[in-house]
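Student: Residue numbers (the numbering used here), protein chains in the order written: chain Y, 187 to 439; chain L, 7 to 326.
There may be inaccurate statements among the hints.
Covered, in the sense of this in silico footprint (three residues per stretch, anywhere, with C-beta under 8 Å from a C-beta of chain Y), are these stretches of chain L [unchecked claim]: (1) 69-83; (2) 127-141; (3) 146-160; (4) 178-188; (5) 275-287; (6) 297-308; (7) 315-321.
Derived from the structure by calculation, the hints contain no laboratory data.
Ideal placement from N, C-alpha and C gives every residue a C-beta, glycine not left out.
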Amino acid sequence: MKFVAIIRQVPDGEAKLKEEAGRIDLSGATMILDQMDEYAVEEIIQLKEKHGGEAVIVAFGPERTKEAIRTALAMGADRAVFVRHEGDADPITEARALAQVLKEEAPTVVFTGGQQADWDSYALGPAVAEVLGWPSVAWTTRFELLDEHKAKAKHDLDEGAQVVEVALPAVFTTQQGLNEPRYPTLPGIMKAKKKEIKEIPAEELGVRGAKVEILSQEIVQIERKQKILDGTKEPEKAAEELVKLLHEEAKVI
Amino acid sequence: MVLVFIDHDGKKPKKGGLEAITRAREVAGALGVSVAGLVVGSGIGEVADEAKKYVDTLYVADAPEFADYTAEKWTAAAHAAVQKTGAKAVVAPASRTGRTWTARLAARMDAGLLEDVLELEPSAEAVVAKRYTFLNRVLEKQKAAYPVVISIKPNTAPLAEPKGEGQVEALEVALGELEQKVQVLEKIQEEKKRVSLTEAPVVVTGGRGMGSAEAFKLVEELADLLGGAVGATRAVVDAGWRPYAEQVGQTGKTVQPNLYIALGVSGAVQHQAGMNKSKVVVAVNKDPDAPIFKETDYGIVGDVHQVLPAMIEAVKKLKD
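The whole structure should be built from the sequences, with the hints applied where relevant.
Tutor: Set out below in structure tokens:
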């Protein structure tokens, strides 16, 4: 069986973002494997360890994406397919390109992050499944492979959750709690250097522009009042003062 | 036509549905067309009677197969409605399920997808949308030509007012092989003692600093006094003190209440991504250097176990 994780490289949430002429400039930012995708990588490695077969990474993005691919390979995935694309893309455009790769790879199960930390999008996993005509399950918290044609999964809805049985192949998106992603080990990092990364230029898959155009980006920081009271000595007094401020000044209670 | 998907609770449209209707009317206005609604479920006659007051035509996909949500079935229903109406734009609430099936629909329609949208500027040719990206830190302006699928961020649009009696039409949805591939075995309902987290005007969140599951009794008390919902940080959820459903942050829920109270929350970026657009932020933490204070309007440096009971007393006094 073959298990695939679709990954992206995104700026570290702690990294300071820069804005340049109405666009976010990522040139100085620390870039990482999307934390939601880490669950996807961990899950396919565990599936391979349990059931045998192959754990394959599929990625889309600019040249630097290879760093995130190496991280995933160092965690224990076997090889990678990398669709190189410079410039803007959107989840649906990316999904169309990746669907062609997945059609060729013919995996049993595909995992990807429940949300992409740069796009703040939930769309990639379901869109990939749609293009392939496969089912999708979003925000998966528990996964069990029943056999090569069936899986059982628990996933979050708007309120509450559902347990579903899914005919494979299918795409699952991750939610925290699915597993505990492992850290790459030093031998893992060494081995990853020799693992295959097959590169495909996005143009070969018919990717031209994105369907959604980005007109502008602006870092937003809501100005906070930062009225901080000292409650270390007289907590009751501070609490009373706070409630008074919320009632009289902020008018929220 | 513009098609709007109306979320419901089995009886009437949900708040998210009414917000989506508001935005759908804006798009329809720019295009000079009417608004069609879609409700999906099983035994939803009551919902239809209410929802028809908001739209020109209401399509009702009411069948036992729609008793349980799956992304494939919901996409099939929406796509059937799009084909029937020739809608150039589909508007839906950006709930977790909404954002999943709209992605499938956009791919099926070969449409642009505008997700979790705050504001719209529709014209006859395209829709420009404002939305947050980069973990809620960047305000992005995006543009997509028609056809377009749009999901509306909760609590950002005014609720639509009813405007008459729309025509009601049953919608036939052909379910094929794909729609049978996901079978729902079990439904797990969230305990709902309070208002829902994403719709609550006040959210009171406890962090690791609360120290124990028992300490959340006071968090609940304050939330109840203020008519709000209880939130939790990832650390609290991981420790098993509170359910996942209450988690605020990148992997939990995004909230934007009038008042957000963070108790014993240090304020990691992942947490801030879920609350940094709240109108007024209050924090109580014993560490004056906790990152949450940078994101705070009114705060107290102090022991939450002393400050929280005092806050509860002060709110009670105010209410008397």
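Student: What hint numbers does the structure not satisfy?
Tutor: none
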